[in-house]
Amino acid sequence: MSDLGADVNYHKFHPQSENNICSRGINTVGIIRAPRGDGKEAIVLVTPYNSSKIDLAEASSLAIAYSVFSLLTRVTWLAKDIIWLAADSRYGEYAPVSAWLRDYHTPVFGGFEKLGSEICYESNAHHRLKESPITERNISDDFRRAGTMAAALVIKVSGRNKEADDTLSIYAEASNGQMPNLDLINIVNSLAVHRQGLLVKVEKFLSLLDSKYLRIVGEVFESVGYIARSLNPQWKFGISAADYMEGAATLASSLYYQALGIPTGPHGAFRDYQVDAITLEISPKALLNNKVRQTEFLQRGGQLIEGVIRSVNNLLEKFHQSFFLYLLTSPSKFVSVGVYMIAFALLVAPLPIVAASLYSDANKKHRTSPFPKSADDEHRNILQSWKWLYAAKQVFIIHCLGVFFYFSNQMPDWISKIVTWIILGSPIIYAYAAQSQKREWCILKSMTISAAFIGLCLMSVINFATAEIGALLLVPMCLVAHPLRLDLGARSLKAFTRVACNLVLGFIGFPPAAFFVLKGAFEGFESVNISDFWNWIACLCAWNSATYLYICMVHLPCWALCIWILLHPC
Amino acid sequence: MEERKETTATTKKKQCFWTWALASVIFRLVLIHFSRNLNLASRPEISTPLTSLRRLAEGYWLKQSSVSPYAGSMYHGSPLLLSILGPLTVRRGEGQHNHLICSDFMTAMLIRATGQILQMTYNQSLKSLGIVRLLERSEILSSGDIAGLVYLWNPLTIVTCVGSSTSPIENLFIVLSLYGACRRLVPLAALGWVIATHLSLYPAVLVVPLILMLGYGPDSPPRKLFLQKTSIKVGKDPSIGIHDQQKEMASQPMLPIIFSWPLVIHFILWASLWSFYVLLLCGISVNQYGGLGEMFKSSNTYGFILTVPDLSPNIGVLWYFFAEVFDFFRNFFLMVFHLNILFMILPLAIFLNHRPCFLAFVYIAISSLLKSYPSVGDSALYLGLLGLFVKELADIQFSFFLFCGYVGTSLLSPVMHNLWIWRGTGNANFYFATAMVYACLQDNFGGGECECNA
Chain A
7 MSDLGADVNY HKFHPQSENN ICSRGINTVG IIRAPRGDGK EAIVLVTPYN SSKIDLAEAS
67 SLAIAYSVFS LLTRVTWLAK DIIWLAADSR YGEYAPVSAW LRDYHTPVFG GFEKLGSEIC
127 YESNAHHRLK ESPITERNIS DDFRRAGTMA AALVIKVSGR NKEADDTLSI YAEASNGQMP
187 NLDLINIVNS LAVHRQGLLV KVEKFLSLLD SKYLRIVGEV FESVGYIARS LNPQWKFGIS
247 AADYMEGAAT LASSLYYQAL GIPTGPHGAF RDYQVDAITL EISPKALLNN KVRQTEFLQR
307 GGQLIEGVIR SVNNLLEKFH QSFFLYLLTS PSKFVSVGVY MIAFALLVAP LPIVAASLYS
367 DANKKHRTSP FPKSADDEHR NILQSWKWLY AAKQVFIIHC LGVFFYFSNQ MPDWISKIVT
427 WIILGSPIIY AYAAQSQKRE WCILKSMTIS AAFIGLCLMS VINFATAEIG ALLLVPMCLV
487 AHPLRLDLGA RSLKAFTRVA CNLVLGFIGF PPAAFFVLKG AFEGFESVNI SDFWNWIACL
547 CAWNSATYLY ICMVHLPCWA LCIWILLHPC
Chain B
51 MEERKETTAT TKKKQCFWTW ALASVIFRLV LIHFSRNLNL ASRPEISTPL TSLRRLAEGY
111 WLKQSSVSPY AGSMYHGSPL LLSILGPLTV RRGEGQHNHL ICSDFMTAML IRATGQILQM
171 TYNQSLKSLG IVRLLERSEI LSSGDIAGLV YLWNPLTIVT CVGSSTSPIE NLFIVLSLYG
231 ACRRLVPLAA LGWVIATHLS LYPAVLVVPL ILMLGYGPDS PPRKLFLQKT SIKVGKDPSI
291 GIHDQQKEMA SQPMLPIIFS WPLVIHFILW ASLWSFYVLL LCGISVNQYG GLGEMFKSSN
351 TYGFILTVPD LSPNIGVLWY FFAEVFDFFR NFFLMVFHLN ILFMILPLAI FLNHRPCFLA
411 FVYIAISSLL KSYPSVGDSA LYLGLLGLFV KELADIQFSF FLFCGYVGTS LLSPVMHNLW
471 IWRGTGNANF YFATAMVYAC LQDNFGGGEC ECNA
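Those sequence lines, one after another, are chains A and B.
This note's numbering numbers the first residue of the first sequence as 7 and each following residue consecutively.
This note's numbering numbers the first residue of the second sequence as 51 and each following residue consecutively.
Hints should not be assumed to be uniformly reliable.
What the hints assert, rightly or not - Dumping the calculated BS3-like pairs for lysine-lysine here, alpha-carbon to alpha-carbon at most 25 angstroms:
id, chain 1, residue 1, chain 2, residue 2
1, A, K242, A, K339
2, B, K63, A, K393
3, B, K62, A, K393
4, B, K441, A, K371
5, A, K168, A, K207
6, B, K62, A, K399
7, B, K64, A, K399
8, A, K399, B, K63
9, A, K370, B, K441
10, A, K399, B, K441
11, A, K393, B, K441
12, A, K339, A, K324
13, A, K393, A, K371
14, A, K393, B, K64
What the hints assert, rightly or not - Simulated restraints on C-beta separations:
id, chain 1, residue 1, chain 2, residue 2, range
15, B, W203, A, W427, 23 to 29 angstroms
16, B, Q65, A, L499, 53 to 59 angstroms
17, A, V298, B, N89, 53 to 59 angstroms
18, A, D249, B, H83, 53 to 59 angstroms
19, A, S58, B, W203, 54 to 60 angstroms
20, B, H83, A, L499, 57 to 63 angstroms
21, A, D147, B, F379, 53 to 59 angstroms
22, B, A373, A, L509, 52 to 58 angstroms
23, B, E374, A, E323, 20 to 26 angstroms
24, A, F149, B, A373, 33 to 39 angstroms
25, B, I308, A, W392, 32 to 38 angstroms
26, A, L509, B, P397, 56 to 62 angstroms
27, B, W203, A, H326, 40 to 46 angstroms
28, B, L81, A, W427, 25 to 31 angstroms
It is worth saying that the hints were derived from the structure and are not from the lab.
Beta carbons are placed, not taken as given, at the ideal position from N, Cα and C, and that holds for glycine.
Take these sequences, add in the hints, and give me the full structure.
This is the structure:
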């Protein structure tokens, strides 16, 4: 890189590993200073590569980046600095990028040791790189910076694909469901499709494409659109069944990956610093084993990246005009927050209404005459309007257990196991312990529904996709909850259906059960393994995802409270 | 037999109270050690430009460097607090938290003592009104204990204590003045009032309930009930059932409904004495940097509170408004906002003159809603005092919804702040919406209180 005239520096970092193995990685960073720019902004290109074992695909990604980089040193339209980060992905792709970004944004003054280098005391002699004093002029150990980042692109080349043409896959989700500005994806998509003729793909659930039920729904929509168009030619909202199914599969995948809260690529590290970034994975249609194919591939990929960088280079402001909150239904179509929030609002709107009605019903039943005839009546009146405090206390205790469960990954194993069993066993324990206290279950249900409502609303602000999926599982269960003893004693069809609904919803509401059911529905029941759930939870926990917080502090306590209501003695 | 049962019940109650009080102190200590990630001291809901301990540390450092502590426009509090809390902020330890924990604990004790006094006077007035049977039941709910525990275990109080804010000290002095007035200890009441006003300007409105409390005594039912009873005694023949009670009442002395002026004059004298002393201390403290004039300069202490120059977001409603108002109208709107508090003083004083303790509670609630830099520490104070009036608030209709509202708003506000500042996908409107909802809640709360005491 220094031969091209760029500023180069090596960034040493220490990725966190579980067993505290001392590991070091070295990123190589090259910066082109724009000759006519003011040096205040930069565009970042990231190419992860495994420094111990480079295969053909990673070499191709480095090659594309190098060719673009060398072009950019000679070009005249450059207004922002260009940073090329060749990230050492021996210990994962995300770690080097996030370490570099952390050091970029926290300058250390006075030559103090960087944090983390105290962990490993290895002599530098082991990892010294060969330096030839003649050619490497601009390489330094100081951390070089280039101003605020306007946008970032992570470029990966993967192995050969099965399609007819070179394919570009876009990964946009960052941590906790945050997305880059839609403008960045639009730039890449339009340049790739219209200029380079690449086939652009976004992740989708392939199993949904084969689903019969989805095909039926798609055909219904198609016929509705056809009828509407025949009634009035200006109503053009019809969509073909194939489009609907593809869109639904992509939407489900987009919703799921946002709900997980785990970044889908190294671009996720940039979002923490409010930099728009996406990962582009280019896969060639044929093996790149001869020079002609390599050149053609390099040219297409390089032209695409040059086009994107040129667009970002011409911007005066950071991306802010388009949406930040959206779900992709195809690389060029999306559902914005104004549309999908309505679905969530409709789903969650019954909750406060039912809570209010349950509470006022419970209060009305026991209101004695307004004039206290005796001191007992007055005393009871005082306690009447504060009766919900008992229910509040129960809900609070369960949520405290949920908080304990959340922090249990930092405690030794035996404590977390005990807490797990307490939470799972609490409904049964309470059902026996509360025999003497014939408390109102109405107020408890009202309190549970309020807690669920507050939790879901808060979660919808933090990560909408989690709140949506959580609401789909939680809201029916909370609304239908009714003590089983009352229903079994009533012996009517309505009561019986309610019992059946309660049992089914109570089963699905339990997070492991929901996980297995959904996984089985999407991938077939043969591939379901018991340990999958714990791995999934451990993954969420390791990435500090807000979804784990939601499951521990909202979903699990509300589920436990609903089971409590089901088993309530009355 | 009954007396022994009563004493065992009271000792059990006392033990229960003390165990919970100590548990809350231990909980605070535990939380201080484990809450570094939460960054409570930098949240705008907890530390405002007036109460932040970080700013106090900067003011103290400036003072140590022989510069006026107000030179950096970071510190805007009292010079006395600088001398007391300043040395503790120097070493990077937990020293400053111990003071805050102590002040929380003492505030809770004082609230409990105030509750006991209020309960005693309530029982006395019930006796004199002849409603003897209610006395037996009202022993069960000890409002003082409940109020003290509510104050200690309120999450807002705990978060204020752990989050390095000086609100617990202000709350301590406000409650000290109320306690002094209830016990008719004039110097104590005057001290509490003077220092509370000195630390943050708004407790000055508490002079009205304090004078009423010293003059009339603590809360009692409306005076017309007493007048009704005397008229019944004079006019009608004794009817069956209340025959004995009337004879009892005739032998008991009537509660005097006179306003004791000597106590009020004592209070004014002591208040002027204490304020003179405090100003003297402040003068000595800032003597090298320009004397008292430096302190009273606009935008240093009281000028800062009144002119609101710092518009960083907080849980109040003034910052957003004053970020938009034109300079020409700024003084006008400042006057409107401050007079908003002052206008409510007189009508409420007339309405609630027989219940000065409750009047003080309502004043504290109003000032924490409309003050220029509110924080959750102020709400913590009036929510704690709420426990003192548990019996009177039996009729409040919407306690459940207000509770859910408080929980929802206090959880939503940090999320909206994060969305605005750290993620960049929100803007100031989101955070202000949360502040408005919080203000509406407090409004409904105060309105509900006053209504059920009508």
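Which numbered hints does this structure break?
none
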